[in-house]
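Q: Starting from the known structure of chain A, arrange chain B on it as the hints suggest.
Protein chains: 2
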Amino acid sequence: MELMEQKIREEGKVLPGGILKVGSFLNQQIDTGFLAQVGAEIARLFQGAGVSKVLTIESSGIAIGAAAGMALGVPLVFAKKHKTSNVDGNTYSTLVHSYTHNTDYTVVVSSDYLLPSDHVLLVDDFLANGKALVGLIDLVSQAGAELVGAACAIEKGFQGGGDALREKGIRVESLAIIDEMSDTGITFREGK
Amino acid sequence: MELMEQKIREEGKVLPGGILKVGSFLNQQIDTGFLAQVGAEIARLFQGAGVSKVLTIESSGIAIGAAAGMALGVPLVFAKKHKTSNVDGNTYSTLVHSYTHNTDYTVVVSSDYLLPSDHVLLVDDFLANGKALVGLIDLVSQAGAELVGAACAIEKGFQGGGDALREKGIRVESLAIIDEMSDTGITFREGK
Chain A
1 MELMEQKIRE EGKVLPGGIL KVGSFLNQQI DTGFLAQVGA EIARLFQGAG
51 VSKVLTIESS GIAIGAAAGM ALGVPLVFAK KHKTSNVDGN TYSTLVHSYT
101 HNTDYTVVVS SDYLLPSDHV LLVDDFLANG KALVGLIDLV SQAGAELVGA
151 ACAIEKGFQG GGDALREKGI RVESLAIIDE MSDTGITFRE GK
Chain B
1 MELMEQKIRE EGKVLPGGIL KVGSFLNQQI DTGFLAQVGA EIARLFQGAG
51 VSKVLTIESS GIAIGAAAGM ALGVPLVFAK KHKTSNVDGN TYSTLVHSYT
101 HNTDYTVVVS SDYLLPSDHV LLVDDFLANG KALVGLIDLV SQAGAELVGA
151 ACAIEKGFQG GGDALREKGI RVESLAIIDE MSDTGITFRE GK
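Chains as they are written, first to last, in this note's numbering: chain A, 1 to 192; chain B, 1 to 192.
Be aware that a few hints might be false.
[To be verified] For lysine-lysine, the following BS3-like pairs were computed, each having C-alpha atoms within a straight-line distance of at most 27 Å:
(1) B:K168 <-> A:K81
(2) B:K81 <-> A:K21
(3) A:K13 <-> B:K81
(4) B:K131 <-> B:K81
(5) B:K21 <-> B:K81
(6) B:K81 <-> A:K131
(7) A:K13 <-> A:K131
(8) A:K168 <-> A:K81
(9) A:K21 <-> A:K131
(10) B:K131 <-> B:K168
(11) B:K21 <-> B:K131
(12) A:K81 <-> A:K21
(13) A:K81 <-> B:K131
(14) A:K81 <-> B:K81
(15) A:K168 <-> A:K131
(16) B:K168 <-> B:K81
(17) A:K81 <-> B:K13
(18) A:K81 <-> A:K131
Everything labelled a hint here was simulated from the structure, so no lab data went into it.
If we strip away everything but chain A, and leave its shape as in the complex, we get (with noise of 0.2 Å):
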């Protein structure tokens, strides 16, 4: 997605740390108008697909799963990262290492909203070692519904989180894929 690439370029900050920062547009601060076309752009990867439902985790995947379910027409499901007193019932829950905060969390899902004739699209801001993503196809496999795929706004191709499920024959779409990065520039993926 060209107005990914463009968005990154102009508005991204390479922090230390491999971490790049799109807090203006992105997380922390949502471009809104852009926000629907990420949305947009998504449904259009997935049209026809026979997605029914969209799953991320909280809390950055939110808005870009809602934009991403307004416009496939399907609800979005969050994951969250801890049980809390409002959610009873039976869960699903599976353990996600955090690179962003180099910590482990549990995240949940309740067994009512993620059920077995569900086909589950995961949505994310990041894809960078896979690890959040691996833990909702996780909770995917728990409720025995059907994987169609995923779609992330940014992949950090260097960290290698997307290809490797891409090699296991899952469908990863990431509307920018970031090969090199450092203070000085930033390396896309041909063809993104």
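A: Frame of chain A; chain B shown alone:
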């Protein structure tokens, strides 16, 4: 908003401890068609009020904030619940008490995204004792921005937070106000 009351009546569940569970359509699982209507209704209420930015708190406010921002054509900013490694530079922060989780947490927003020139509409899913809104109002005040008002999906009128803010002269619009709630039924405030 008649549709909000209808969704609460049909899908809401009253849990012990004054908790209303709306996980099937408003948080956890989000009915994205309904979400777009909620955003449009908030935009209708605040049309012409000069809103330049929507401000919410992660994570259950993000989807509604994004829908409202899309409908108003302005950016969404979400305050984070604790400082993370990808919020750099100067921040505004304030302490908020969570009724649902019975704990205090720090809410942080980057000063890059809340400017003295901003006219801010606060958006959240629930308004109960109003502590989250008071925290957001403090962030707006720290930024020297102007507060336009607050829009909430569901107000628990019996907890008094919304009316206390209205008595201070703040414009608070809730799409449904619950004046009484028990496992035998829900009474909505007239005229909302």
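Q: Now tell me if each hint is right for this structure.
A: Evaluation of the provided hints:
With a CA separation close to 36 Å, the supplied pair K168 (chain B) and K81 (chain A) exceeds the 27 Å bound. Annotation: proposed proximity of K81 (chain B) to K21 (chain A) holds, straight-line Cα distance about 18 Å (limit 27 Å). Annotation: proposed proximity of K13 (chain A) to K81 (chain B) holds, straight-line Cα distance about 22 Å (limit 27 Å). Between K131 (chain B) and K81 (chain B), the direct Cα distance comes to roughly 14 Å. Compliance with the 27 Å bound is thereby established for this hinted pair.
Only pairs whose Cα atoms come within 27 Å are accepted, and K21 (chain B) paired with K81 (chain B) is accepted, the gap being roughly 22 Å. Taking the CA atoms of K81 (chain B) and K131 (chain A), the gap is near 22 Å; set against the 27 Å cutoff, the hint holds. Distance restraint check for K13 (chain A) and K131 (chain A): the Cα-Cα separation of roughly 23 Å lies within the 27 Å cut-off, and the hinted pair is therefore satisfied. At most 27 Å may separate the alpha-carbon atoms for a hinted pair to count; K168 (chain A) and K81 (chain A) meet this at roughly 26 Å.
Among the hinted pairs, K21 (chain A) with K131 (chain A) is consistent with the structure: their alpha-carbon atoms are about 19 Å apart, no more than 27 Å. Between K131 (chain B) and K168 (chain B) the alpha-carbon distance is near 14 Å, which keeps this suggested pair within the 27 Å criterion. For the given pair, K21 (chain B) sits about 19 Å from K131 (chain B) by alpha-carbon distance, which is consistent with the 27 Å threshold. Proximity of K81 (chain A) to K21 (chain A) is assessed by CA-CA distance (about 22 Å); at most 27 Å being required, the pair is judged to hold.
Of the supplied pair hints, the one linking K81 (chain A) and K131 (chain B) holds, its CA atoms being roughly 22 Å apart against a limit of 27 Å. At most 27 Å may separate the alpha-carbon atoms for a hinted pair to count; K81 (chain A) and K81 (chain B) meet this at roughly 13 Å. Between K168 (chain A) and K131 (chain A) the CA atoms are separated by roughly 14 Å; this keeps the pair inside 27 Å, and the hint holds. Pair hint K168 (chain B) plus K81 (chain B) holds up; C-alpha atoms about 26 Å apart against a cutoff of 27 Å.
In summary, the hint linking K81 (chain A) to K13 (chain B) is supported, as the alpha carbons are separated by about 22 Å, within the 27 Å threshold. Between K81 (chain A) and K131 (chain A) the alpha-carbon distance is near 14 Å, which keeps this suggested pair within the 27 Å criterion.
Against the hints set out earlier in the document, a violation occurs for number 1 only.
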